[in-house]
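Kindly generate the complete structure, drawing on both the sequences and the hints.
Chain by chain, the residues run as shown.
Protein chains: 2
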Amino acid sequence: MTTLLDTNALRAIVADVGLDQLMDEMTERLRRSFAEFDDKSVSTITRTGFSYDEPQFGLLEWMPSMEEGERIAMKVVGYHPENPTVNKLPSVMATTTLHDATTGRLLAITDATLLTALRTGAASALATRLLAPVDATTMLMIGCGAQAVSQIHAVSRVRPIEQVLIFDTDDVVQASLRSRLPESVRDQVALRPVHADQLKDALSHVDLVCTATSVEPGVGSVLPDGPHRPDLHVNAVGADFPGKVELPAELVRRAVVIPDDVDQCLIEGEAQRLERDELGPTIIELSKEPELAEKLAGGLTVFDSTGWAVEDRIAAELALDHATRVGVGTDVELQDFTADPYDPYELGR
Amino acid sequence: MTTLLDTNALRAIVADVGLDQLMDEMTERLRRSFAEFDDKSVSTITRTGFSYDEPQFGLLEWMPSMEEGERIAMKVVGYHPENPTVNKLPSVMATTTLHDATTGRLLAITDATLLTALRTGAASALATRLLAPVDATTMLMIGCGAQAVSQIHAVSRVRPIEQVLIFDTDDVVQASLRSRLPESVRDQVALRPVHADQLKDALSHVDLVCTATSVEPGVGSVLPDGPHRPDLHVNAVGADFPGKVELPAELVRRAVVIPDDVDQCLIEGEAQRLERDELGPTIIELSKEPELAEKLAGGLTVFDSTGWAVEDRIAAELALDHATRVGVGTDVELQDFTADPYDPYELGR
Chain A
788 MTTLLDTNAL RAIVADVGLD QLMDEMTERL RRSFAEFDDK SVSTITRTGF
838 SYDEPQFGLL EWMPSMEEGE RIAMKVVGYH PENPTVNKLP SVMATTTLHD
888 ATTGRLLAIT DATLLTALRT GAASALATRL LAPVDATTML MIGCGAQAVS
938 QIHAVSRVRP IEQVLIFDTD DVVQASLRSR LPESVRDQVA LRPVHADQLK
988 DALSHVDLVC TATSVEPGVG SVLPDGPHRP DLHVNAVGAD FPGKVELPAE
1038 LVRRAVVIPD DVDQCLIEGE AQRLERDELG PTIIELSKEP ELAEKLAGGL
1088 TVFDSTGWAV EDRIAAELAL DHATRVGVGT DVELQDFTAD PYDPYELGR
Chain B
788 MTTLLDTNAL RAIVADVGLD QLMDEMTERL RRSFAEFDDK SVSTITRTGF
838 SYDEPQFGLL EWMPSMEEGE RIAMKVVGYH PENPTVNKLP SVMATTTLHD
888 ATTGRLLAIT DATLLTALRT GAASALATRL LAPVDATTML MIGCGAQAVS
938 QIHAVSRVRP IEQVLIFDTD DVVQASLRSR LPESVRDQVA LRPVHADQLK
988 DALSHVDLVC TATSVEPGVG SVLPDGPHRP DLHVNAVGAD FPGKVELPAE
1038 LVRRAVVIPD DVDQCLIEGE AQRLERDELG PTIIELSKEP ELAEKLAGGL
1088 TVFDSTGWAV EDRIAAELAL DHATRVGVGT DVELQDFTAD PYDPYELGR
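Protein sequences, first through last, are from chains A and B.
Converting from the first sequence to this note's numbering requires adding 787 to each position, the first position being numbered 1.
Converting from the second sequence to this note's numbering requires adding 787 to each position, the first position being numbered 1.
Fair warning: there could be bad hints in the mix.
It does not matter which identical chain is used: a pair holds within one copy or between any two.
To be verified - Calculated cross-link-like contacts (lysine to aspartate or glutamate; reagent style EDC-like; alpha-carbon spacing at most 20 Å):
#, residue 1, residue 2
1, Lys875, Asp887
2, Lys827, Asp974
3, Lys1082, Asp988
4, Lys827, Asp840
5, Lys1082, Glu812
For the record, the hints were derived by calculation from the structure and aren't laboratory data.
On a predicted model such as this, the values are computed, not experimentally measured, just so you know.
Okay, structure coming up:
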């Protein structure tokens, strides 16, 4: 039997656990998993996929990871920035499958759209905890789409954020962000919309920056360079395709850039403007050595969050653990006609 | 909504259509699709995956293909040769997902274990129709596992096969093959088990050979070289991993080798022993130019069937078409909380 976690199962999990605790658990699982990360037992294959410009720009990618002898996770994720306006669909939609790494059997399928938002938020929470000013109360959020929701949520769980300056090229999306935040965040945080010409000023007085836009490849950055506090921390979330970047090249060069996956960041992250030997330690290395992070936190730091396959396995496992506990999820018969393993036609009898 | 074709849905389709017609339709769809194949609108990415030796040898691979602006298919397929004896599971198990190539949305998930056997059989049927002696009545089948069932089935649909000499290193599997064949095949074909020391003699008087074994990488070939009819055709199905080959190197060198996917065959097919410029035309090229196949059919030909991602898309589409017609399949809510495409937390409200 294969466990299917559909939208209703995830809804039941969220209802039971609550978004705040789910985000905290996701962040803690990422931290623990990175701190204990062993590249002898965990493998990933740099994501690849199909991209196309017609009928609209989009890409569909797969992100595989294996914990040897345990499980293989495969997230298939689409990025279609015109989806919200043209098709009333999220720009990022994903499904994760889990396979037994001994027999190859399909163990589970889960909707991973919410999980992708959660784990991307949680990765930023982890980087923020390691690198951002402890007393950070103000944040600049560039991009007010779906990912902004979990970014603000995640960061406000680990820093005493009071005010978020928000910017989007789409006024309607900018205006609706508040209504999409969890209640706990709305209670804690005031949003202040800013215009494009106020971004430089905003940068000069915030404690934290997050970028999560759908800027087209070749068009970014989405932020002007300028003065900022010396220990500013930036969670750069949107760059995930060759040519797509969100931060000014000069800012990236000044910063210590913390990649999630080095190879992937050099291909499609902010690190596209850097050489391999110009990168800082990875988020995995910092999770193993928080003292090192503490030292870096005194200066400008950029978390180059391209999204890592291991995060998706951890997110799927978190959902499955809660599904088991809450008693939700559907058993479906896939790969299940096995009375005679040598008989592929068994179901024809 | 995403359409889920589980084991029961496939069972209903097989019950409605019948295995014979399903095989014929699969073969015809492959032929038509190859004959009309346009590499400007169809893309594949050479399969890759994880392989491991512990706790047992196995590999899990993904096989993506895209028909531009239409659909992206992704088969995730495991090959775990010890599964039948150790885990009572098929050695080859697979699932295929279909995505919309405009929005990335997940359209369908189907069990692809039967479909993999069907399409692998159908590819051999197509190659056989193009390249094997028209009056072929005898066949040598090496390997009597799951794939042998659909190989014998497929080939006996396109040639007047009367006798199949069968060989397997496992006596029990060899003895049970007959019981696993469809009734129509049992009526048409007599099976005659042969021993390892009779293979050379068998090769000398059959019209067709098929190899579909789980021989370990580095251990093959599984067939001694020797005299054979000059226009022998071989469907070499098992080679699908670096180092895994089934045919004697000398036989491969003497033959015109017809790859399904050139790059893949050079990495993991019988063509591992050849250079790119030593390969014959592909099965796609022959489907476009049957006259060329007719010329080649006078000599020794080897269809190097490593299994091609496009075949898996066609198989999944065939199953879905029948599911729609028969009215089976389950609608599941995956990626389905889209009242506000900018709100990943919608299901938390």
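Status of the hints after comparison with the structure:
1. Lys875 - Asp887: between (35 Å within a copy, 14 Å between copies)
2. Lys827 - Asp974: For lysine 827 and aspartate 974, neither the intra-copy (44 Å) nor the inter-copy (54 Å) Cα distance is at most 20 Å.
3. Lys1082 - Asp988: Neither way: lysine 1082 and aspartate 988 sit 27 Å apart in one copy and 76 Å across, limit 20 Å.
4. Lys827 - Asp840: For lysine 827 and aspartate 840, only the inter-copy Cα distance (14 Å) is at most 20 Å; the intra-copy one is 38 Å.
5. Lys1082 - Glu812: neither (26 Å within a copy, 66 Å between copies)
When the structure is compared with the earlier hints, violations turn up for hints 2, 3, 5 and for no others.
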